[in-house]
Each structure stands twice: as structure tokens, then as C-alpha cells.
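All chains should be built: construct the whole structure from the sequences, respecting the hints.
The listed protein sequences derive, respectively, from chains A and B.
Under this note's numbering, the letters of the first sequence match residues 1 to 289, in that order.
Under this note's numbering, the letters of the second sequence match residues 1 to 296, in that order.
No lab work stands behind these hints: they were computed from the structure.
Among the clues, some could well be false.
Quick list of in silico lysine to aspartate or glutamate cross-link-like pairs, EDC-like style, CA-CA up to 20 Å [to be verified]:
| no. | chain 1 | residue 1 | chain 2 | residue 2 |
| --- | --- | --- | --- | --- |
| 1 | A | K48 | B | E205 |
| 2 | B | K148 | A | E96 |
| 3 | B | K118 | A | E211 |
| 4 | B | K291 | B | E29 |
| 5 | A | K155 | B | D94 |
| 6 | B | K87 | A | D186 |
| 7 | B | K92 | A | E211 |
Footprint (simulated), chain B over chain A, 3 or more residues, beta carbon under 8 Å [unchecked claim]:
| no. | stretch |
| --- | --- |
| 8 | 36-45 |
| 9 | 109-117 |
| 10 | 166-179 |
| 11 | 252-259 |
We put the CB at the ideal spot given by N, CA and C, even for glycine.
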Amino acid sequence: MVIACASGKGGTGKTLLAVSLALACSASEQIVFVDADVEAPNAHIFLKPDIEEERVVEAFSPQIDEGKCDGCGECADFCYFSALTLVKGKVLFFPELCHSCGGCELVCPRGAIKEGAVEKGRTRKGVAREGIVFWEGRLKVGEPRAPAVITELKKAVKKEFPDTLTIVDCPPGASCALVEAVRDADFCILVTEPTPFGLSDLKAAFQAIQELGIPCGVVINKAGIGGGGILGFCEEKGIPILGEIPYRRSIAEKYARGLTLVDGEDNLKREVLAIYQALRRVTLKGAGS
Amino acid sequence: MKQVVVLSGKGGTGKTSLTASLAYLAGDEAVVVDADVDAPNLELLAERKPLFEEPLFWGRSAVIDYERCVHCLLCVSYCRFSALHVKEGLPKVDPIGCEGCGVCQRVCNFSAIEMREKLTGRFFISKTRWNNFLFHARLAPSGENSGKLVTYLRRKAEEKARAEKKYLLIDGSPGIGCPVISSLVGVDLAILVTEPTLSDQHDLERIVALARHFGVPHFVVVNKADLSLKNRNRIREFCSLQGIELMAEIPFDQQVLDALMVGIPVIEYDPQSPFSQGARAIWQKAQDFLKAQERS
Ligand code: SF4
Ligand code: SF4
Ligand code: SF4
Ligand code: SF4
Chain A
1 MVIACASGKG
11 GTGKTLLAVS
21 LALACSASEQ
31 IVFVDADVEA
41 PNAHIFLKPD
51 IEEERVVEAF
61 SPQIDEGKCD
71 GCGECADFCY
81 FSALTLVKGK
91 VLFFPELCHS
101 CGGCELVCPR
111 GAIKEGAVEK
121 GRTRKGVARE
131 GIVFWEGRLK
141 VGEPRAPAVI
151 TELKKAVKKE
161 FPDTLTIVDC
171 PPGASCALVE
181 AVRDADFCIL
191 VTEPTPFGLS
201 DLKAAFQAIQ
211 ELGIPCGVVI
221 NKAGIGGGGI
231 LGFCEEKGIP
241 ILGEIPYRRS
251 IAEKYARGLT
261 LVDGEDNLKR
271 EVLAIYQALR
281 RVTLKGAGS
Chain B
1 MKQVVVLSGK
11 GGTGKTSLTA
21 SLAYLAGDEA
31 VVVDADVDAP
41 NLELLAERKP
51 LFEEPLFWGR
61 SAVIDYERCV
71 HCLLCVSYCR
81 FSALHVKEGL
91 PKVDPIGCEG
101 CGVCQRVCNF
111 SAIEMREKLT
121 GRFFISKTRW
131 NNFLFHARLA
141 PSGENSGKLV
151 TYLRRKAEEK
161 ARAEKKYLLI
171 DGSPGIGCPV
181 ISSLVGVDLA
191 ILVTEPTLSD
201 QHDLERIVAL
211 ARHFGVPHFV
221 VVNKADLSLK
231 NRNRIREFCS
241 LQGIELMAEI
251 PFDQQVLDAL
261 MVGIPVIEYD
271 PQSPFSQGAR
281 AIWQKAQDFL
291 KAQERS
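Put into C-alpha cells, the structure is as follows:
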């Protein structure tokens, strides 16, 4: 089973819940943890993996053979993203606009474009605390396109661990990167906080998840600071509430030190496990109906 | 006209609370942009009056005509974005994954694929309670092109600001990907908000690298500075090593959350709270920096 952990925006405690869930479940099951927040991968801070393997994620980049090119401009006409332009009979390439679709190579009648590769980022694999299998993706700094790295990351994980309980820490937001990360998940946990910001972000994330047709449930972090309309929204949409993490300064302090919910004095392992059990109940019910 | 962006490697650091407070302080001298198009929250604190709204259709997506399709599945093998799947022998487009590149249309020998435009999001101009114009947008659910949307927002806001205002204030989007780059490039000052946690420190380093990469002057603000003194000291050390000015250290302030619950910026809720004092100091320093820059 693949469980994705998402939230409309960052800072809602999504990573904290994801790593805590992985640690809480690791006593009874083999866990694969995937940090798909490739713009700002942080789970390693809590899970402390020993990285054993690193792979470069590459994508198509056109290599133009000026000797063969006759400046017909077909490639520039085709490129929907304007990464190729014809200037005075010469083709100019703007790598930051290229989506690596490979179309230019396809359309060039002279065979003047060859497949080259650019680095988009890296995926890294290792073993973390409690024997958790750890994967993460890292976007290259200055590289604008996160989904490419996420796709590779997920492919690698799926190939090696098709049936292991997998927890995916998703990127924040509700756009392309999130969609790429949650796609093919069996269940999505939406972490939110009971504030007007939290509600607004939850709505956006829920809409995206719903479009993908992935069942989901909500975990309320910083519970107790107010209502924020979360309960009403969940009831209206029929989203199950899986559990809560209380609002305490001590949790924020623990987080700051790189500790999870299941570490240290006020250990919330039971609460985290209860969230997992609620999730199992919901998915079993969903499968039966 | 000078452009200031407030950024943080990650959401939840108080970036929007700070931008709202700065927008309040700048009043009608500023045009404000909410570049966090993924999670546009500034409007929730600004109590806006809508002036203008426009739907944006930028993307396109492949649509298959099954009357013509002969199920050769050539298109599926050429799509580099895994946006074409085979379902019961038929090619199926996943409109969310489709980048609109048009490769499938090109390779189909039976003209069975058409490219159709799709909704990217909505663009708004509003007037806030503090008399500034707010340029904001909402990405369509699971929409793409957030970087382009940010660029569009900025361009529209710049036109307005250049003509009649002193400042363009941008609430940046979190992360370091395309929308962030779009909100950072070409600004006069970036205020980087961080928290003294191990993970935020990591984000800060990445965002500093990004600001440097694009040659944007930047200052750091530590919010909730007393959450971990050890980490705060590390940020101090990092900043001094890198020669970055620490603009302010703001202690953990319950009022920020209380103000958020009522839906107004902290500076209006309690002008004397630690966060409000921090915001005022930050705005003063930002103005001083921009003035000095102008002179030199
Ligand atoms: S690979 Fe696609 S996006 Fe890149 S230059 Fe070629 S046609 Fe344009
Ligand atoms: S399509 Fe080929 S030959 Fe024509 S301009 Fe492009 S690279 Fe040159
Ligand atoms: S290439 Fe054209 S004909 Fe072949 S499966 Fe795709 S849409 Fe159908
Ligand atoms: S337009 Fe490009 S991304 Fe979309 S389905 Fe066709 S080949 Fe794939």
C-alpha cells in the first residue's frame, strides 16, 4: 500500500506526521519512506538515513548538429514551449524553457537534432532509523521542473518495492509537483491546521486529490487552537477525520531539534498509531463498498 | 519603483503574516502581489474588494478522437510524460499529466489527436483594506505553469506600480522551484524568512544559493527565534559566514496565531506585539537599503 502525505502548503506538519507514522509502524512492518518534496527534502533530518546509492536524474535535451542543420525552422515551429527559436537562419536553444518532450528531434527533417541529456536532480537511497528503507529526490538548485525528479523517484521505488508499505512525503501546494507525487497512491492523508489559512489550503489540495480519484482523510495538526471551519468542510465533503495532533509549544521545539512525535518525553506514538488504524479502517471500508 | 519579495524555503514560517504586515505599513505606496499561487492566503488577511477578474487559458492538453483512432498505440510510446496510458486496448490521456507538448499529435498517422486549451487559473486585482492594490491568482486545481502565472502577475503588477507607486511587494511562493524563481528574478531585495529548526535551516541554505545564483540582494529574518537557541545560533553563524545581514530575530509570538484566527495581520491586531515590532524594524531596514541602493 502506498500512503501519500500531503497538505495544501508547507509548514502544516506534513513531514512530521509522515516520518512519525513511518517510525511508529516500523515496529510491526517493513516500511519504505519516500521524500518526494524534491524542492526541499527534509525527512532525512528526522530519519537520519545512511545514503548508500545516488542516481542522477536526466532528461532529454536537444543537441543540435550545426553542420547538418539548414535552418528550416521546423523544430522551432513545433516547440510549444518556445525553447527553440530561429534567429538569422540559426537555431538558438533556451534550456530553461525546455520541457524535454523530445519533439524537436522527431520533427527535424535533417536529422540534425540528437538526444542529449541534462541533469534535473538526483535520487538517493539508504537505510534509516529502525531499518526503514529511505528514498529521496533532490531537485538541482536553479532547475525549475520538479515533476521529472519525482517521476524517476517513484519509478525506482515501485520497481524495487512494489508491495511494501510505502509512505510518501509530498511537496506542498496543489499543483503539478503534488499531483505527480500522489498519483498512483492508494490513500492520501491531508494534513491541515485549524486556521483560515489551513482551511483555504485544504480545499485546494482536496480538489486536486479528488480529481485524481484517490481516497483521502484529514489529520488536524495543532488541534485546539481554534475551529477554522475544518470540521464543517470535512463533514460537507464526507472526508473522514483520521486523528489529531495537539498544539503544544513542546512539539514545535522537538521538531526544531529534529525529533519526531514518537521520540522523547511526551511520546505521541499511540496517537500516531491510532491515525494509522483509522486509515486502515477507512480503506478497508472503501474497498468493501 | 523598487521590488521587494518575501520568501521562505517552506510555508508556515510566518511569511504571509509578515508580508501582510509590510503591506499594511506600506499602505498606498505599494502594489502587492500574492505570488504564492498554489496557496494564496494573503487575501484572507487583507479583506479585499474585487475590482477585476480574468480566466487564463494557457495550457493545452491532448484529446483523442476514438472514431479515428486505430489503437496502434504509437502515441503512448512517444509520450515522455507518461500522460498516455493504455486502458482496455485504447490510449487514454491523463489531462493532469499532459504537458501539451504535441508529440503524440505529431506521431499519430491517423490525425486522431487534437490539442485543446485548458484552464490554467484565474487572475484577480483587488483593493485591500490598507489601500494597496493586490494582484493575485488561483491556479486551477492541479494546474501547471505556476511559474508562468507568477511572471504574469508580476508583469501586470509592475505596470501598475511603475506608473504610480513606490514599491512592489511580493509574497513569494515556498520552495525553490519554478514559481519561486519567477518571483525572485529581477527584484531589488529578497527578505528570507526562516525558523530555527533543522529543516528550515536546510531550506534557507538552498534559497540563499538561489538568490545568489540570480544576483538578488538578500537579508534573513528568523521567526520564532527562541524555539531553539542552538539552531538560532547556527543561523547567526551561517549568516555571518556568508556575509548576510540578519534583519531581525522575532521571538515565538502567540499573537500571530490569534490574529490569523480573526483574519487580520498581527500589526493591526496588536501593534506592540513582538512580531509587529519586528515587522516595523524590517520595513524600516528594507526602505533604508533601497534608498541607499538608489543613491549608489
Ligand atoms: S525537447 Fe521539446 S521542449 Fe525541449 S526544445 Fe525540443 S521540442 Fe522544445
Ligand atoms: S528542424 Fe532540424 S534542420 Fe530544421 S532548423 Fe531545426 S535543427 Fe535545423
Ligand atoms: S497514435 Fe493515433 S491512432 Fe495510434 S493509438 Fe494513438 S491516437 Fe490512436
Ligand atoms: S501532448 Fe505531449 S504530454 Fe500530452 S499526451 Fe501528448 S505526448 Fe503526452
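For each hint, the structure was consulted:
1. A:K48 <-> B:E205: Holds: K48 (chain A) and E205 (chain B) sit about 19 Å apart, inside 20 Å.
2. B:K148 <-> A:E96: holds, 12 Å
3. B:K118 <-> A:E211: The given pair, whose Cα atoms are some 15 Å apart, holds under the 20 Å limit.
4. B:K291 <-> B:E29: This hinted pair holds, its Cα atoms lying about 15 Å apart.
5. A:K155 <-> B:D94: holds, 18 Å
6. B:K87 <-> A:D186: holds, 19 Å
7. B:K92 <-> A:E211: Distance of about 16 Å is within 20 Å: holds.
8. 36-45: holds (count 4)
9. 109-117: Result for this restraint: violated, n = 0.
10. 166-179: holds (count 9)
11. 252-259: holds (count 6)
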